[in-house]
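Please model the entire structure based on the sequences and the hints provided.
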Amino acid sequence: MSESHSLFSLRGVSKSFPGVKALDQVRLDLYPGQVTALIGENGAGKSTLVKTMTGIYQPDAGELRFGGELISLDTPEAARSLGITAIHQETVLFDELSVTENIFAGHYLTRARSGRLDWPLMHARAQQILQDIEAPIDPKTPLKFLSIGQRHMVAIARALSFEARVVILDEPTAALSHHEIEELYGIVRRLKQAGCAIMFISHKFDEIFAIADRYTVFRDGCYVADGKMEEVDEAQLVTLMVGRTVEQVYPKVEAAIGEPVLQVRNLRHPTEFDAISFDLHQGEILGFYGLVGAGRTELMQALFGVSSGVQGEVEIGQQAVTIRSPADAIKAGIVYVPEERQAQGVVLELPIYQNIGLPQLSTINANGVLSDKAEYALADGYARRLQVKAPDWREKVGNLSGGNQQKVVIGKWLATKPKVIILDEPTKGIDIGSKAAVHAFMCELVQEGLAVIMVSSELPEVMGMSDRMIVMHEGLMVSEFKRDEFSAERIVSAATGG
Amino acid sequence: MEKIMHKPLLPRVSLSYRLLSWEFFLLLITAAVFVINSLASPYFLDPWNLSDASFNFVEKAIVALPVAMLIISREIDLSIASIIALASVAMGFVAQTGAGSPLIMLAGLGVGLLCGLINGLLVTRFQIPSIVVTIGTMSLFRGISYILLGDTVMKDYPQDFAYFGQGYVYAMFSFEFVLFLVLALVFYGLLHKTNFGRRTYAIGNNPTAAFYSGINVARHRLILFVLVGLVCGLAAVLLTSRLGSTRPTIALGWELSIITMVVLGGVNIMGGSGTIAGVFIAVFLMGLVTFGLGLINVPGIVMSIIIGGMLIGVIATPVLLKKFRNRKPAP
Amino acid sequence: MKTLLQNREVLLAVLIVVLALMVGLVTHDFLLPSNLLAVYNDTSILIILALGQMLVILTRCIDLSVAANLALTGMVVAMLNSAYPEVAVPLLVLAGALLGLILGMINGVLVWKLGIPAIVVTLGTMSIYRGIVFLLSDGAWVNAHEMSGAFVSIPRTELLGIPVLAWVSVIVIAVMVHFTRQRRLGREIYAAGNNPTAAFYTGIQVGRLQFVAFSISGLLAGLCGYLWVSRYAVAYVDVAAGFELQVIAACVIGGVSIMGGIGTVQGCVLGALFLGVINNALPVIGVSPFWQMAISGAVIVIAVIANAKSERKTGRIILKKAALQSH
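Residue numbers (our numbering), protein chains in the order written: chain L, 1 to 498; chain S, 499 to 829; chain H, 830 to 1156.
Rather than coming from a laboratory, the hints here were simulated on the basis of the structure.
Please read all numbers here as calculations on a predicted model, not as lab measurements.
The beta carbon of each residue, even a glycine, is placed where N, CA and C say it ideally should be.
There could be a bad hint or two in this list.
Derived SDA-like pairs: lysine to any residue, alpha-carbon spacing no greater than 20 Å straight-line [to be verified]:
(1) S:Lys821 / H:Gly1036
(2) S:Lys820 / H:Gly944
(3) H:Lys1138 / S:Ile629
(4) S:Lys691 / L:Ser371
(5) L:Lys373 / S:Arg697
(6) L:Lys204 / L:Val292
(7) S:Lys691 / L:Phe17
(8) S:Lys820 / H:Val938
(9) L:Lys204 / L:Gln236
Chain S side only, calculated, beta carbon under 7 Å to chain L, not exhaustive [said to hold, decoys possible]:
(10) Gln594
(11) Asn693
(12) Ala700
(13) Gly712
Written as structure tokens, this is what we have:
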């Protein structure tokens, strides 16, 4: 198909952030009445692209064309006025405001003469849109009372409330149930018929094959390929996406599995999860899989002592422990590499060696007086072992790339000599080289007798790395698989409540 | 990787270079003010005059030291001046009973500590932003002083109590001034040379990551609030001793000049960065400006315009410079 | 489903009534309609300022300079009046409001364009504005006899048995109710304060709304400058010193969240009335006015604790049974 038919096209678009080039000279075409799947691993630059296409980020270089015209999207407003709308991966909405207001915020409907807001009309419209997508939500409810799935439906309703010409769906199904996903497919088909150009981002190939007409593949912030869906198969797409064949990606090494290290019995929380019981053995990588919002992160944070209101028993090496704070967890030998690396994992303004030394200042400097030398020496060992790329361990962590920041977090925890290390989405938003390094390192750790819990939303990653897998759905453990029982179909079915 | 040499204990370039340059900048201004003052008034350079002038800012400067640490940890205390007032009132009552100086001093320190503890507990237990808590306690503590004293004055302080605020350790070096120097050293050590100081920076930069690293963020901040309260109690001792009397309006509006000193010293009001050295220089800068203006008979309230302007100007300047620089086309 | 916020406003209203009744037990005159009207009239300025402050707090900022703004505009209109008694009072009121608007815009620009924290900006402008009052007046007072008759009498003039001052506050309340519910700008202020990131994604400019909020707060402070000076028939440097604390207290008591995005006009008005009843009741029940400061301080502290408890995040609702319970 020639370029003249494309409704929205990008050429040579680049965008950099300190320490990382998120988009490097990428191209993309969206055609009216067609669904284009954007395929790429975490960190391929998809979310940055979405934000560039919706006026949230301004590209450093390159051009955007809409209906053949050169455009610049300086604000989200500018994108919206062209009919470009997106449902973002993290649903960013207003907790305190009503569903109606969440749908119409920023483009309120007003009465022509007085300029007053037309609430009856907005409520009615909201009701209509929600009905169309079969989301039975009262539009007057404050958003804070809705579940995660419902919030996602509100986000979708919001996108549909515009006169949309380009609709971008950034992993829209990550938090949806089977039924809701079917609804979504229906919406996408209707938008197609209405002549909208649709961009669909998903990790799930069955979805992509079910709904997309075209594909575009990104890898590490670069454009790799595009074409029609009927001309490719899944294996080819995967190869394009990761740049090599799948077997090479996960360097799984089986380690000797020993005694149980961590025993969890009936761990529960009033709103987040319930009846969680499992054992974790020495030398084992235990994967936790589930939809976004299934309660995995909440469970891990509870084990690490972050949440309050948690009940149940936790034993470390047959010894009951009470964990009320991260300090308790660290003392018991449980450490947590958080998903939100920059918000929870590292102190960006502090140098590498001070980040690594932070959890155990009292051990390094028993008398309370800082010893730069001792701290540096401790950090030196771990930073070298993890091959953190920096001129010096005095470099601010904020100046490192995402992958190297992640290595600093892991190094910080290894320095505390833990028994259990929990990795929450350990490769989210990091480049492919660091990814492989993190995976290889996980294998090394279990060979040394550590026990690892890995939470991931990337099914190939969990399947590739885990010895055993627990699937969660709506805060509950729904099934458990041994490595030789792994089947993508059964796992996904369990995770979506099937 | 092998090619990279890891030399421990190299000077950190990026961060301290910037801070150093801010402190250097401050030092230059301070020197300039010093020269202007000495040209403007023949009385300025007299050591005894300088020593007298130091009384006007040393008490505030002492409070600025723990407040700097508190602000670095991403909290703030607007009730400091009210704590000083309440501590002073407490000392007045103890003095009325005929108690000696040690007991009076203890009362001041104790009340200061207690006020700090109240602030700290409210902030950490109920997770309320410190700005609102301390706006509330600012009028609560001052209000209690008003209730207790009304429009009366207390001045029954024993003779030897005057030493704290009026005595000299050696020649023209007053007790207050020497105490400030000692405390500046102590706080320098605490912030820059101990685990406690490191944790303060970590918390100020990223409280969540600090908490996830096993630091007891709430307890740490509580300690800082108590420390601020305690030092306010100390300042109350010095101020009350120097004035020889207590009114409920004592130290009115000091929170503004103390916070200005801290911000002028390069402490980021949003937390995470700042040094004691910067605050130390800023204290002298403000002292000299105030002294100089006093020499040319500028009234006190006009001084507050200048202090307010300095507070905004100091924070706005780097932002404006950055904007201006960014506007220039990249080469 | 009743939200805590609604409960809170009812609670506050009940509390005010109970408080008034208790004072009425001591002095029966307190409950006379004429006295209650006087109490409301006396609280009018606090109500107006609190509504401006509420907008600022909704956007996650704070305006400590309102009282200084009021003192400066009050002094300017008083001096203008004493120098040019022939100029019509409405013109002076307009000038005061405009000056207040400009002072508010200065705060807003510093917050919006330079990204300086609101507390720093307004802590600074608070002492600058107050200092300028001194520079203008040279520390002197403008007394009643230097003001024109109309200047002093307008706020006291009664329309339908209610003083103009009270009418002004009623009008401001009505306008604010309309603004916060029926106007795009008003709703965007809530959105911006509730979730600045989401607001940005939806094309709402948070900084611009902070500027708008500061401007309105300044405008209302300017209006109150005239109202205050004419009501008390005197202008001097320390007019309304420390009054910003009462204003913030009124907001916090009324359930305005200092974290932004939460707060209603009616809550805010009730918060101001609560303080107004206390302030008026103290002398009636024989408590020294020296108590006033401590009481408003204590009330701020208690109110923020109450707010913090009701606003505490309960975490995500993931479990089905928990989701069912919350409805």
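Going through the earlier hints one by one, which of them does the structure break, listed in rising order? Per hint list: 7 and 10 violated.
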